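What follows is each chain in one-letter form.
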Amino acid sequence: MLGTVVCCGVLGVGAAWLVERSSVPARRIWHVLLVAPLAVPAFVNSYAWISLLPGLDTYAGALLVVTLSYFPFVYLPVAAAFRGLDPALEDTARGLGLSTWAVFLRVQLPQLRVALLGGGLLVALHLLAEFGALQMLRYPTFTTAIYDQYRATFNGPGATMLAGVLVLLCLVLLIAEIRLRGRRGYARSGRGAPRPVRPVALRRLTAPALLALGTLVGLAVAVPLWSLGYWMARGAGSAVDWADLGSTTSTTLGLAAAAAAITTAMALPAGWLAVRARGRVATLLERSTYLGSSVPGIVVALALVTVSIRVTPWLYQTVPVLLAAYAILFLPRAIVTVRSAVEQAPPLYDDVAASLGASAPDRLRRITLPLLAPGIGAGAALVFLAVVTELTATLLLAPTGTRTLATAFWAASSAVDYGAAAPYAVIMVLLSAPATVLLSRDARRGLTT
Amino acid sequence: MTRPRRVLTGLLTSATVLVALAACGDSQASDTETLTVYSAQHESLVRTMLEGFTDETGIELEFRDANDSELANQIVQEGKASPADVFLTENSPSIDVVDKAGLLAPIDPETAEQVEERYRPDSGNWTGFAARSTALIYNPAEIPESELPASMLDLADPAWEGRVAIAAGGADFQAIVSAVLALEGEDATREWLTGLERNAEIYASNTAIMKAVDEGEVPLGITYHYYWFRDQAQEGLVGDDAELHYFRNQDPGAFVSVSGAGVLASSDQKDAAQRLVAWLTSPQAQERLAESTALEYAVGVGADSAEALPPLAELQAPEVDPGSLDAELVTELMQDVGLL
Numbered sequence: 001m002l003g004t005v006v007c008c009g010v011l012g013v014g015a016a017w018l019v020e021r022s023s024v025p026a027r028r029i030w031h032v033l034l035v036a037p038l039a040v041p042a043f044v045n046s047y048a049w050i051s052l053l054p055g056l057d058t059y060a061g062a063l064l065v066v067t068l069s070y071f072p073f074v075y076l077p078v079a080a081a082f083r084g085l086d087p088a089l090e091d092t093a094r095g096l097g098l099s100t101w102a103v104f105l106r107v108q109l110p111q112l113r114v115a116l117l118g119g120g121l122l123v124a125l126h127l128l129a130e131f132g133a134l135q136m137l138r139y140p141t142f143t144t145a146i147y148d149q150y151r152a153t154f155n156g157p158g159a160t161m162l163a164g165v166l167v168l169l170c171l172v173l174l175i176a177e178i179r180l181r182g183r184r185g186y187a188r189s190g191r192g193a194p195r196p197v198r199p200v201a202l203r204r205l206t207a208p209a210l211l212a213l214g215t216l217v218g219l220a221v222a223v224p225l226w227s228l229g230y231w232m233a234r235g236a237g238s239a240v241d242w243a244d245l246g247s248t249t250s251t252t253l254g255l256a257a258a259a260a261a262i263t264t265a266m267a268l269p270a271g272w273l274a275v276r277a278r279g280r281v282a283t284l285l286e287r288s289t290y291l292g293s294s295v296p297g298i299v300v301a302l303a304l305v306t307v308s309i310r311v312t313p314w315l316y317q318t319v320p321v322l323l324a325a326y327a328i329l330f331l332p333r334a335i336v337t338v339r340s341a342v343e344q345a346p347p348l349y350d351d352v353a354a355s356l357g358a359s360a361p362d363r364l365r366r367i368t369l370p371l372l373a374p375g376i377g378a379g380a381a382l383v384f385l386a387v388v389t390e391l392t393a394t395l396l397l398a399p400t401g402t403r404t405l406a407t408a409f410w411a412a413s414s415a416v417d418y419g420a421a422a423p424y425a426v427i428m429v430l431l432s433a434p435a436t437v438l439l440s441r442d443a444r445r446g447l448t449t
Numbered sequence: 001m002t003r004p005r006r007v008l009t010g011l012l013t014s015a016t017v018l019v020a021l022a023a024c025g026d027s028q029a030s031d032t033e034t035l036t037v038y039s040a041q042h043e044s045l046v047r048t049m050l051e052g053f054t055d056e057t058g059i060e061l062e063f064r065d066a067n068d069s070e071l072a073n074q075i076v077q078e079g080k081a082s083p084a085d086v087f088l089t090e091n092s093p094s095i096d097v098v099d100k101a102g103l104l105a106p107i108d109p110e111t112a113e114q115v116e117e118r119y120r121p122d123s124g125n126w127t128g129f130a131a132r133s134t135a136l137i138y139n140p141a142e143i144p145e146s147e148l149p150a151s152m153l154d155l156a157d158p159a160w161e162g163r164v165a166i167a168a169g170g171a172d173f174q175a176i177v178s179a180v181l182a183l184e185g186e187d188a189t190r191e192w193l194t195g196l197e198r199n200a201e202i203y204a205s206n207t208a209i210m211k212a213v214d215e216g217e218v219p220l221g222i223t224y225h226y227y228w229f230r231d232q233a234q235e236g237l238v239g240d241d242a243e244l245h246y247f248r249n250q251d252p253g254a255f256v257s258v259s260g261a262g263v264l265a266s267s268d269q270k271d272a273a274q275r276l277v278a279w280l281t282s283p284q285a286q287e288r289l290a291e292s293t294a295l296e297y298a299v300g301v302g303a304d305s306a307e308a309l310p311p312l313a314e315l316q317a318p319e320v321d322p323g324s325l326d327a328e329l330v331t332e333l334m335q336d337v338g339l340l
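Those protein sequence lines, which keep their order, are chains A and B.
The opening position of the first sequence corresponds to residue 1 in the working numbering, with each subsequent residue numbered one higher.
The opening position of the second sequence corresponds to residue 1 in the working numbering, with each subsequent residue numbered one higher.
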C-alpha cells in the first residue's frame, strides 16, 4: 500500500509541476487528460489490463493498475494548490540563486503539503476498501478476505472482525496524516495581483516530458478505452435496448447528482470546522467521517440493512437510505477538497465583512460560499464519479427494481453477455466525462481567485 | 465565480426532482398484488422464464438482482422483516443458508412433483428450477482428448503441476468442491485440494479460464458447461480454440449444481409466491428455459434442455442431495490448504 501511495504521489506531483510550472506544450489539454482516468471505473481498468496482459497478477501488476487508477486523486489537489501559490515567492527564491530543483524542494513542496497529504490519504483509504480490481488481479488483501467470508461461508461475524482491523488501520493513517500536516496556516493574506507564472523553460527536455505525460495518459486512459471499444465492436451482434439504456442512465444520473449535493452539503460544515475552529472536537468530528470509507461497501450496506429494517422499516430500500450509504462511503472525498479550499481562503474577508455590518447568513452567501465554490464543485464532482460506478450498496439498498449503469453492467457481464455489457460501461465513462471536465476547470481557476 | 454556483444549484434541483419522482413511484403500486423477488440467477434467464406470468395471473413482479452471497446475507440480516416474497439463487449453497436460518416456507407438494427428485433438497423447503454441469474446458492443440484425466480427482496428481486452471474465489468452483466433500469425505477432499494448490493456476472467473485455455496459457480448466456454450453461441468471442469435456461415470467432476427457488416464511403473499415457484417449474417455463440463450439445463420431470447441449440424463452425474452441501467447511478447507 505504501508503494502505491508513493507512486501516486510522485506521478501526481510530477505531472502537476509539468502542467502548472513548465513550458510543456498544450498544457490545458494535458490537464484534462490527466484527470480523465477518474472517469474509468477501477474494475473496468483492471479488466482491460488483465485481458491485455494475463500474467499481471503479481504485486507489481496490482501496483501498476491501482496507481494508474488513483494517481489523479493526488494530481488534482496538487495542481490546484500550484495554481494557488504566489509565484512571487518562487521568483524571489530563484533571484537568490536557487536552482529550479531547489526551488521545487524548498519553496513549492512545503506549500503543497496539505494538498499532497490529502490526496495521499484518499489514495490510502481507497486501497483499504478496494476490492474489485484487487480481486481480479488476484492480490489478496484484508478486503478480499472479507468478501471471501461473506461469499463462501456467509460468516457475518468473521467478516465484521476483519472489517474492524481495517478500521484500526484507517485510524493509524488518519493520525499519521495529522502529525505530518502540522499546524501551519497556508492562506495568503490578500489576493493582490499575483504575477503571471513564468514557466520554467524545458528546452531539450521538452520531448522527454511530452513522452512521459503521453505514456502516463496512454496507460491510464487509452488501454481501458481500447478494451471497451474492442468489446463493443466484437459484441455488436446483440441488439442494444435503447429504452432501458436511457432509463438506466437517467436513474444513475439522478442518484449521483442527489448524492453529490447531499454529501457535499454535509462536508461543508465538517471541513470548515476542521480548519477554522481547530480543536479536539472539530478534529474528531472531521476524522470520524473517514472511518466509513475505509471498510468495503458490503459492510456498510449490510449494516444499513440491519439498522434501517429495525429502526426505520418504512425507509428500508428507499432512495434516502441509499443516499445515506453513499454519503457514508464517499464523504471523505468531498471533505478533502472542501477542507483544502477553506485552508487557502483567508478568514480576513469574513472579518472585514462582519466589521462592515454584514449578517452571518449574508456573509455565508456573499463571502464564504463564493470563496469555497471551486472546492465545493470539485468535491461534488468526485462524489458524483464515485456513485456512478458504485455497485454493492446499490444492489442491496436501492428501491427494488431500480437499475443503475453499474448494476446493469454487472448483470450482463455475469451472464457472459459481452455485447450487452459494453454499452453500459461506455455510458458510465461518458457520463463521468463532464464531471472530470468540471474538476479540471475548477483546478485551473485556482482555489483563491 | 458564477459557474460553480450554477452547477451547485443544478445539483440541488436534480436532487429535489429525484426525491419527488421517488415519492410518485411509491404511490402508484397499491391495489394490484405485487411480489418482491430477490434473484441471484442471471437476469435475462429469469425474465424469460417468467414471461407471461403477470398477464396470466395479474400478479405484478418487482426484482432485486444481486449475487448469491449478497442476497443470502441480506435476507438473513432482514430476518422476519424481509420484504422479499421469493428467493431465486444461481447455486444451491446460498439458498441452503436461508433455509438453515429457518426463513423458508415448505414448497407446495404439487410444485415439487413437477421437478425431478434429485434436484430438490430433502428438507422440501425449496426446489431446483435450473441446473448447470461441471465440465473440463481444454485446448486440443495443447492436449489431445485421449490424454485428459479420467476423473476430476486425478488433477491433484503431480503430473498436472501448473497445467490446471480454476477460479478458486468464485461461488461456482466452491460449489464443485462442496460436491467433492459430500461424495468423498473430508480427508479425501483435503488431499485433493492440497494437490490442486500445487498444480492449479488461479483465475478470477470462468470467463478468464476460458480465455486462458483458448490462448494456450494453460491446457485445461474446471468450469461449468454453459460458459463455453454461451461463448460458442456468440461465435466463440473468447473460447473459439477451446473444447468441452464431460467426466460422466458418477465422477465428482460430473456434479450438477442446482439453481434454487424458495418462498420466504415471512411473506404475507405466500399463495402468490407459491404460484410463482409453480410457474418457474412448470413444463411451459422449463421449455422456455430450453429455448432461451441461457443454455442451462431444465430440471422439470420429462423436460428437454436446449438442443445444443448433451442431454442431462446422459451426463451420469453423481447422486448428491443439493440441500447437504457444506459451504462453510469448504471455505475452511480451502483456506487451510492456501487456495483462499
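No lab work stands behind these hints: they were computed from the structure.
Because the structure is a prediction, the values reported are computed rather than measured.
It is possible that part of the hints are untrue.
To be verified - Only part of the chain B face toward chain A is listed, based on derived beta-carbon distances under 8 Å: (1) E56; (2) E60; (3) E62; (4) A66; (5) A81.
The C-beta atom is built at its ideal place from N, Cα and C for all residues, glycine as well.
Q.
So, against the hints stated earlier in the document, which numbers end up violated here?
A. 1, 2
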